[in-house]
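Starting from the known structure of chain A, fit chain B onto it as the hints suggest.
There are 2 protein chains.
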Amino acid sequence: MMTIDTVKYEPFTIETAVDYSKQIGLFEQSDLLEAEEIGDGNLNLVFRIQNKNTNKSIILKQALPYAKVVGSSWPLTLDRARIESEALKHAYEVVPEFTPRVYHSDHTLAVTVMDDLSHLQIVRKGLIEGNVYPRLARDIGTFLAHTLFYHSDFGMNQQEKKKLTLKFNNPELCKITEDLVFTDPFFDHDTNNIPSKLREFVETTLWSDKSLKREVASLKHLFLTKGEALIHGDLHTGSIFASAEETVVIDPEFAYFGPIGFDIGAFIANILLNYLSQEGHIEDEQARNEYQDYLLSVLTETWNVFDVEFGALWQDNAQDSFMKVDGYLDDVLNQIFQDTLGFAGCKMIRRMIGLAGVEDVEAIENEELRLNVKRTAITLGKLLIQNRSQITSINELKKVVTQ
Amino acid sequence: MMTIDTVKYEPFTIETAVDYSKQIGLFEQSDLLEAEEIGDGNLNLVFRIQNKNTNKSIILKQALPYAKVVGSSWPLTLDRARIESEALKHAYEVVPEFTPRVYHSDHTLAVTVMDDLSHLQIVRKGLIEGNVYPRLARDIGTFLAHTLFYHSDFGMNQQEKKKLTLKFNNPELCKITEDLVFTDPFFDHDTNNIPSKLREFVETTLWSDKSLKREVASLKHLFLTKGEALIHGDLHTGSIFASAEETVVIDPEFAYFGPIGFDIGAFIANILLNYLSQEGHIEDEQARNEYQDYLLSVLTETWNVFDVEFGALWQDNAQDSFMKVDGYLDDVLNQIFQDTLGFAGCKMIRRMIGLAGVEDVEAIENEELRLNVKRTAITLGKLLIQNRSQITSINELKKVVTQ
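Residue numbers (UniProt numbering), protein chains in the order written: chain A, 1 to 403; chain B, 1 to 403.
Derived by calculation from the structure, the hints in this document are not laboratory data.
Honestly, I wouldn't trust all of these hints.
You can't tell identical chains apart in this list, so a pair holds if it fits in one copy or across any two.
[What the hints assert, rightly or not] Calculated pairs, SDA-like style, for lysine to any residue (alpha carbon to alpha carbon, straight line, at most 25 Å): (1) K125 with N289; (2) K89 with Q335; (3) K382 with D320; (4) K175 with H119.
Chain A on its own, in the form it takes in the complex (with noise of 0.2 Å):
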């Protein structure tokens, strides 16, 4: 057997990972162990081992110190593991049920070895599939109120919240939000990827609207200096594995004491996404207008579940005395539902024309149609920027989306 030499960083391979997990306690020397390396390797390396008398498997995370994107290089803090699984320990205290238990983890090392979730699909994946989840609405929006509300002034002593804050500095990956949602799409940066019959659409629309322009800015520091609660950071549909039975959330490794309503309108944005994107799936009219109904209802039930679960949690567990005042909770929630609002625009803005696309609309073969759907998502994104304190319920924005 190898040694893991653990006072300095290198990459694992197959065969040291497998060692590594060994040394660490988690097989025996005797287990007869297989293992497989199934991460995009873009970003990190991702062992899957799996002890073949038994069946345990667990996932062995590595960050690597790079990122690779569309053909090149730029270095990444290996810190980012150390936010990720101080945030899985976070969501685990408060939701066990929808967070990957964490079993190991070594910053040194940047590593992190947790539950196996091979057994549930990505929800993107899914829902480009047309698969329904009947639990997903539900327990994201009880994922989202607990986790906030109890790292949130709302939930937790003030002061710990703000020691917590010491551990959750995240420059780096803080930085790339900052750049690739909120700023470059808005201007005509080389990290954008738009296609040529798309460009003067974004030209109009976006690059010469000043009004909007002042709008993504306040949003954007709110996002630089709205330091609310622990927040995932990165809660796409591609962050959620799900199952008919069960919702688990992983790789929070751009959390920081952000908005609240960021996390909510990431995941809202990739669901308006993917109702978009139907057009270009589901051919039968029937089909697909069911399928986005299901869609629309799991928007409208993540907020409600949100709402009616962040109010409970507030009568009984204030840890203010204005929580009390009557009214102060409607305050709170409209405030909310805004900042989700106008984030929701910029990350469906984004994810159009910025540097990371998403495979929903991506693999709409036809182009006419694909483009027609990034030019909707683009409009849809912009009004919920620009009209984020005139929608002002998860009903209106359904009726805004379906007209």
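Only chain B this time, still in chain A's reference frame:
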């Protein structure tokens, strides 16, 4: 000579303070020094040490591990001395003309050695005496614009700003503000100090007004979550030394990353309280009107200088692409002004009925006059909180005050 143990904390005496000032090389062993303790002994020891031959003098300030207020005593972190000296150094980098220079600091001893400002007067005292400081408004407006801009996401690298927040994690002193400014005065709390003749008025005007409490709740949430800039955190007129030629801001031990409007609001609140208190200080009506006009000019000039200077820094030192978008600067300044009014209102109310009063009002001997001033200050504070989005310019504020 005694040797000072720099490994563990102990409070200085005049003798050890003198020895220490030589030990760290501020004076020669042979210098003939004179020293006195000039602090009020409630929170800090403050030694003034002077070389009898050269007249060169310095201040050695040491934090005490407790706070004494109104007879009782509670433990208070020594870390505030570190925060204070770090905040002074950061202010000195951008506004050396308004900041005492730090010659030495030791975090274990909780000590900061800095410029002696005995040639200046505490502004609160001066304004009670009816003094005019011709530079005060311009200097404080400039101080606010430069310290706040250069320590915000507008004027400093946004990733460096995140790292800098680690130095200014200040939970204990923030809690003092959270309790004494935002919470206790709006509930029947035992830290309040309410004259019995004022109690009914306070119950009706503040404690029974749910819509007011919702607004204060939102302002407190901003204080808890809006990490906009490194703020002074306690910028009342007792933290400002001045003469006709000079203005210096001291005591930033409450510094943390908070809302820009909190510092501006603190200054404005204390000018307004002095304005209202003149009813009890200057008997001659014409003389009083003239002095009150001067105070109003301090108010308007401070804001106007802040506004112009902040705008100039914005043009020349933009750290964010969105800062070139037409209208965004106006949006930011409008939001800062709104926050300023809200925080000013909370600060005024707090000083009238909370734990720490202000001498401006407490020094009024005639009880009826004093209570009237308190009622007016509470009413005005409440009005600023509730109308902060309707009062959109400093001239409108002036009108509100003079009505």
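The hints, checked one at a time:
1. K125 with N289: Result: close within a single copy only, 19 Å intra versus 73 Å inter.
2. K89 with Q335: neither (28 Å within a copy, 37 Å between copies)
3. K382 with D320: between (36 Å within a copy, 21 Å between copies)
4. K175 with H119: Neither: 34 Å inside a copy, 47 Å across copies.
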